[in-house]
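Participant: Could you put together the complete structure from these sequences and hints?
As you go down the protein sequences, you meet chains A and B in turn. Counting from 1, one number per residue, gives the positions in the first sequence under the numbering used here. Counting from 1, one number per residue, gives the positions in the second sequence under the numbering used here.
Don't read these hints as lab results, they were simulated from the structure. Please read these numbers as outputs of a predicted model, since none were measured by experiment. A couple of the hints might just be wrong.
[To be verified] Part of the chain B face toward chain A, derived, beta carbon under 8 Å:
{"#": "1", "residue": "F45"}
{"#": "2", "residue": "Y48"}
{"#": "3", "residue": "D56"}
{"#": "4", "residue": "G98"}
[To be verified] Pairs of lysine to any residue residues, derived as SDA-like cross-links and limited to a Cα-Cα distance of at most 20 Å, are as follows:
{"#": "5", "chain 1": "B", "residue 1": "K11", "chain 2": "B", "residue 2": "T78"}
{"#": "6", "chain 1": "B", "residue 1": "K102", "chain 2": "A", "residue 2": "S94"}
{"#": "7", "chain 1": "A", "residue 1": "K56", "chain 2": "A", "residue 2": "H45"}
{"#": "8", "chain 1": "B", "residue 1": "K57", "chain 2": "A", "residue 2": "S94"}
{"#": "9", "chain 1": "B", "residue 1": "K102", "chain 2": "A", "residue 2": "T67"}
{"#": "10", "chain 1": "B", "residue 1": "K102", "chain 2": "A", "residue 2": "H57"}
Just so it is clear, CB atoms sit at the ideal spot from N, CA and C, and this is done for glycine as well.
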Amino acid sequence: SQQGEEDPQALSIQEGENATMNCSYKTSINNLQWYRQNSGRGLVHLILIRSNEREKHSGRLRVTLDTSKKSSSLLITASRAADTASYFCATDSSYKLIFGSGTRLLVRP
Amino acid sequence: GAGVSQSPSNKVTEKGKDVELRCDPISGHTALYWYRQSLGQGLEFLIYFQGNSAPDKSGLPSDRFSAERTGGSVSTLTIQRTQQEDSAVYLCASSLTGTSGKETQYFGPGTRLLVL
Numbered sequence: 001s002q003q004g005e006e007d008p009q010a011l012s013i014q015e016g017e018n019a020t021m022n023c024s025y026k027t028s029i030n031n032l033q034w035y036r037q038n039s040g041r042g043l044v045h046l047i048l049i050r051s052n053e054r055e056k057h058s059g060r061l062r063v064t065l066d067t068s069k070k071s072s073s074l075l076i077t078a079s080r081a082a083d084t085a086s087y088f089c090a091t092d093s094s095y096k097l098i099f100g101s102g103t104r105l106l107v108r109p
Numbered sequence: 001g002a003g004v005s006q007s008p009s010n011k012v013t014e015k016g017k018d019v020e021l022r023c024d025p026i027s028g029h030t031a032l033y034w035y036r037q038s039l040g041q042g043l044e045f046l047i048y049f050q051g052n053s054a055p056d057k058s059g060l061p062s063d064r065f066s067a068e069r070t071g072g073s074v075s076t077l078t079i080q081r082t083q084q085e086d087s088a089v090y091l092c093a094s095s096l097t098g099t100s101g102k103e104t105q106y107f108g109p110g111t112r113l114l115v116l
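Facilitator: Printed below as a string of structure tokens:
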């Protein structure tokens, strides 16, 4: 069963705009991770935020975590066509990851 | 060092045949995981290895599915008597120690399985 639900399911933006994706989860976590998947193949790890952190940055990525609301958001600033992909949040359940349903992002040139 | 590799990249098989999917984790990673992603679905956990043992096989969908790991390295996921519903992308991941909730899992490119 999936832990997280992501919102929106699909997002289409113009190159240069910012993209925001949200993830909600159900149980307490140690950390939350965001992954990107291109063309339905391998997952690329983007960023990990621990449960005691509220915000984390990595390049054009900004992740926030609100454990009281059991939610996280991923912001991609100044989007590029190459950012087109599916984005998944994942929470840990012991050693295994529980993935959200994903957001399909399309960045139009 | 190389990342996680998987073979084959794509596999087409006929219903009822057996298939073997291979995963080579990152060298030195003791933890290895298999996940499955069905068309348009999220990823679901299948099995976790710590070294050569599998303390958690809870995600394997049926007894047609089995996996082993040898030498603390390569893992093979075997699906016997494949069914059409087994069609999916099978993803393997590894992490350094498998310590609960504290590590990044690194994923391979996946094997896309199509059962006709």
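Participant: Hint by hint, note whether the structure agrees.
Facilitator: Outcome of the hint check:
no.: 1; hint: F45; in the structure: holds, 4 Å
no.: 2; hint: Y48; in the structure: holds, 6 Å
no.: 3; hint: D56; in the structure: holds, 7 Å
no.: 4; hint: G98; in the structure: holds, 5 Å
no.: 5; hint: B:K11 x B:T78; in the structure: holds, 13 Å
no.: 6; hint: B:K102 x A:S94; in the structure: holds, 9 Å
no.: 7; hint: A:K56 x A:H45; in the structure: holds, 14 Å
no.: 8; hint: B:K57 x A:S94; in the structure: holds, 14 Å
no.: 9; hint: B:K102 x A:T67; in the structure: holds, 17 Å
no.: 10; hint: B:K102 x A:H57; in the structure: holds, 18 Å
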